[in-house]
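Next come the chains, spelled out residue by residue.
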Amino acid sequence: MVPSEIPRESLTTSASLPEGNTSANGTEANSSNVDKSNGQTQTKEANGANGANGTKEAAMVAEVAEVAKNEKLSGAEMKKRAKAEKAARRAQEKQAPPPAALVVKKIDGGEEAAKKGSTTAGPTTPGVKTQHKRTGSTNTTHHRPMVSRPAQSQAAPPAAQPKKESKRVALFGHLYGQPRRTTIAGAGKDVHPAVLALGLQMSNYVICGSSARCVATLLVFKRVIESYITPPQNSLPRHLASHLSPQIDYLVSCRPLSVSMGNAIRWLKVEISDVDPDTPEQSAKHDLCDAIDNFIRERITVANQVIALSAAEKVQDGDVILTFAKSSIVQQTLVEAHRRRTKFRVIVIDSRPLFEGKHLARALADLGLEVQYSLIHAIGHAVKDATKVFLGAHAMMSNGRLYSRVGTAIVAMMAKEADLPVIVCCESVKFTDKVALDSIVTNEVAPPDELTIAGENTTSLSKWGDTPNLQLLNLMYDVTPPEYINMVVTEYGSQPPSSVPVVHRLSTNS
Amino acid sequence: MPHAQTMPPTGFQALILCGPGVSLNTFTSSPEEFPKALIPIANRPMIWYPLDWCYRMGITNIHLVTPPSSAKAIEAALSQNPHLTSLPLPTADILAPEALSQNTPTAGILRLPEVQAAITGDFLVLPCDLMCEIAGESLLEAWMIQEAGLGGAAAGIQDYLGPKMGLGGERGGRRGGMGVWFQTKGEGSVKGEETDFVATTVLHSHIRPSLTPPEGSLRSHIANLVYATPTDTLNDITEDKKSFPIRHGLIRKHGRIRMLTTHRDAHIYIFPHWVLEMISRNERLDSISEDVVGMWAKAGWQDGLGDKLGLREIFSVAEEKEGENGSHSSGSVEDDLDLGSMTTTGTSDLKNGANDASLTGFATRVGNSSMQQPSSSSKLTVPPMLAYIHPLDPAAPLIRRVDTAALLLSVSLRLAKLGSIDEVGKPASSPFAHAHKIAHPSGIAQRCTVTKNDCLLAENVSVEEKCVVKESVIGASCTIKTGARLTRCVLMDGVVVGERCQLTGCILGRRSGVGQGCVLKECELQEGYGVVEETDARGEKFMAVFPLPTLPYVASIFIVNALGHFTTSGKVPGHLYWAIIKAINSLQHKLEKPRS
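Here the protein sequences line up with chains F and S, keeping their order.
For the first sequence, UniProt numbering assigns the number 1 to the initial residue and increments by one for each residue that follows.
For the second sequence, UniProt numbering assigns the number 1 to the initial residue and increments by one for each residue that follows.
Since the hints were derived computationally from the structure, they do not count as laboratory data.
Mixed in with the good hints there might be a few duds.
Dumping the calculated DSS-like pairs for lysine-lysine here, alpha-carbon to alpha-carbon at most 25 Å [as the list claims (entries may be wrong)]:
hint	chain 1	residue 1	chain 2	residue 2
1	S	K379	F	K358
2	F	K80	S	K426
3	F	K416	F	K314
4	F	K314	F	K388
5	S	K426	F	K79
6	F	K358	S	K253
7	F	K189	S	K426
Use the sequences and the hints to build the structure in full.
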């Protein structure tokens, strides 16, 4: 019964009528919309006013143009709207008491539809028939009032509806950008299946954490390189980099790259461009894969071991180690210390919504360590018992600041307050030459819906989108100033945070 | 919307099993000429639906597995049927292994060497009678997130067989399978539809369940499968034992188990490649849904079952091969890395020592006194079998398997209600919508009623005067004679309905005919069958009584088809047609009597 066309047409007319009102008489627009039966006479008045007042007409034209621009109407729709407006106006002039005329017309239309529409006759009400008819014949002015009728009833909501409130926190407005990709639909044709999966796993936090993401990306790129075939008339060093860029773009659209991933990708691109164009493709690919393997080993696996070994020395008998969320290096350090039969206790501080600390606490408890777990609100209480603080890192900035999971800064500050040594474990691959003074300029905003609790509609947060003046901010990282950090353990040794640029230079030059 | 976005290649292969259609025997009497896969549903061949579904989710590597006897008919349809030829390229390959008969069990199909050779990566197994409105990519995405290997051991890559799967893959307890179950009750439910018994538990995953999944994600309906069997088997068990025994192992392992009895297996399976090896190693696995999935689900909690299925060897063979390959003689990095424990949202299994393989390197130096050495007798992690349980929601997309006549009727009529593309516009229309509700409006006489919103009329249909057609699907080249009334009927191609017939809830096979003045309710007509005039029947199946491939049957079919063809084109007068039909039918009845 062509149901979908009806609202479309009525919508265009609905837009047209109140517009005429507002242009002539802005204040009356609301009242006309509220009072349906009165609305048509008001339109008439408005038309009269238009005719009388030439200056206002110019204003109306301008406003119409503006509205048109806002709604991005096509030329055909504009024409249709103008036609409908004119027809409605003419109908108004013809029929003095609008409601009565409407009823009569309705019956007329129904009969006509019944006569004509023999093929479409079915168990339908007369009302439906008129609607059907209406879509069919637009040239007869008789049916125009019916068109304008639903228009009036529908005109009320848009006028009453306030402007949609932005749910973005203004201070962090520059961080929002594109919303995270949640589906593979629309990804480029060149994106490798392994990259597709990796992107989804990253945006769903299956792979999370700077080192894990870096390793996963490199391993996946190894797959990409393995299945890559240089097209004819291209050389591998030139073309492979351009083949990687859609893969990287896809990963970025799933979740912004981590600093370690950025460093690794930069290294890989240099490595690709350094390939001798004369090398046969197979061996070039093989060399690249080996280089990736070595990179992972040198910069992450072995670096982790070295860091764990040297950081574990800092754990002494009777220590109470406080840590925040989960860092794979910190976990490795604690396991290493446990292996050395050091007697110590661990306090895991955790935060919503990822609860990464739970995984650390569970793993350590399974190993036989004594673990205390609490959320970040209990940090003030937890630091009282602690003797040392171990922190993981997302990145170390060149000005010695630690960029890590949101909440780290508070833990470090509280620890400093309690005169506890704060030790950061961080591989040099996470070092960056960028500087950060605060966590506002550079950060990552995760979808705020993650803060609501899935499947629960009773909490006040569940309908935050509809609550006026409420904005949710789900930041991923914060920045800890160097004065709260006593030591950064890297594979190059243990340094103060001020030595970060030196280590970074060392690691990139080598 | 489905048409709008392009899909990247996901590397999956699809295997569509074109079975014999036992429950649709009225219409699949001659699988050589007209196999089940070609039965029209809402005027499209059945096979169109799974094929279209695959293409929409970006899978183009599709194999239709069919017995050699039906292969020709399907091949011909693929190259001739306008609906099938309008599908994107490349066209599906037909796989007709010699050893495949109409009765080969589903897992047996996967054991055939031809099929084994054709599958080179992770794959989907689909039935040919699948009707699925869910976007296929969202199922694939769910699998990729939950089950795809970590870090390069990823989703269905072609020519990617086992060897490179380290701890990120099978050995690390990832790369499991996924199936789809849907609710049979609710709107469009059909009495006596087959159901399956499934038991699921909360998904054990890296992802905190409290994290609200992004919009459009199926994650909230995905569960871990722990028990799956057809309800028939369940009934047998309960009858046999007077109760339903549950192993303690299940309850020890899983605290909260949800049991569903009215859901049905949609037979959509996403399988990693190693499942093929599991099936070929275990000859006693017969059907995919009951044995493979059922055993796999049990292996997740029943100690020792995974070993019995040979999973340990399957996963460790992968390792050996790697050594033999020698390409990474130094030992690939993947071997030492366990991303599952590196990621901050995963719990490391520190006890097993498997995770911190990176530490074991120097653990020898430091001394490994307190740690257990990982041994071959350590616990086997079986990658989980997941279940997407389709929610019961009238607004939710449709999933159905059309394998009985009642379902054929209800699904066809449901699809007929979808707004056509010319009505609602391309972006808003359902992927199953036709271009027009009535493809050939000029064939409909002036004074008759065809309810356009719930009817679907194909090309070249002629409806004569004073007809009333409500809620019906009418196939190409059908003729509805004067004064006939059709309500809730499905007419396949070339059907002739006589004058003043009243048909309610009937399914009429291809080129069948109904004599004038018949009153049929809920009847099924076999292909080419002619019902004599003034028949009054209810709930009958009109079928030829001959053993099917015999000569007279074929001859009669031929005569009826030819007659029907000429009658519709007006070359043979109608009364002659009915006279011959009558003669054939009486002949059939005479022949039937001595047999019975």
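Okay, the hints, checked on the actual structure:
Our distance criterion of 25 Å between C-alpha atoms is met by K379 of chain S and K358 of chain F, whose separation comes to about 23 Å. This hinted pair checks out: K80 of chain F and K426 of chain S have alpha carbons roughly 22 Å apart, not beyond 25 Å. Restraint check for K416 of chain F and K314 of chain F: the C-alpha separation of about 17 Å stays at or below 25 Å, so the hint holds. Distance check on the hinted pair: K314 of chain F and K388 of chain F sit about 9 Å apart at the alpha-carbon level, within 25 Å; holds.
This hinted pair checks out: K426 of chain S and K79 of chain F have alpha carbons roughly 23 Å apart, not beyond 25 Å. For a cut-off of 25 Å, the pair hint linking K358 of chain F to K253 of chain S stands: about 20 Å separates their Cα positions. Between the alpha carbons of K189 of chain F and K426 of chain S the distance comes to roughly 23 Å, so the proposed pair stays at or under 25 Å and holds.
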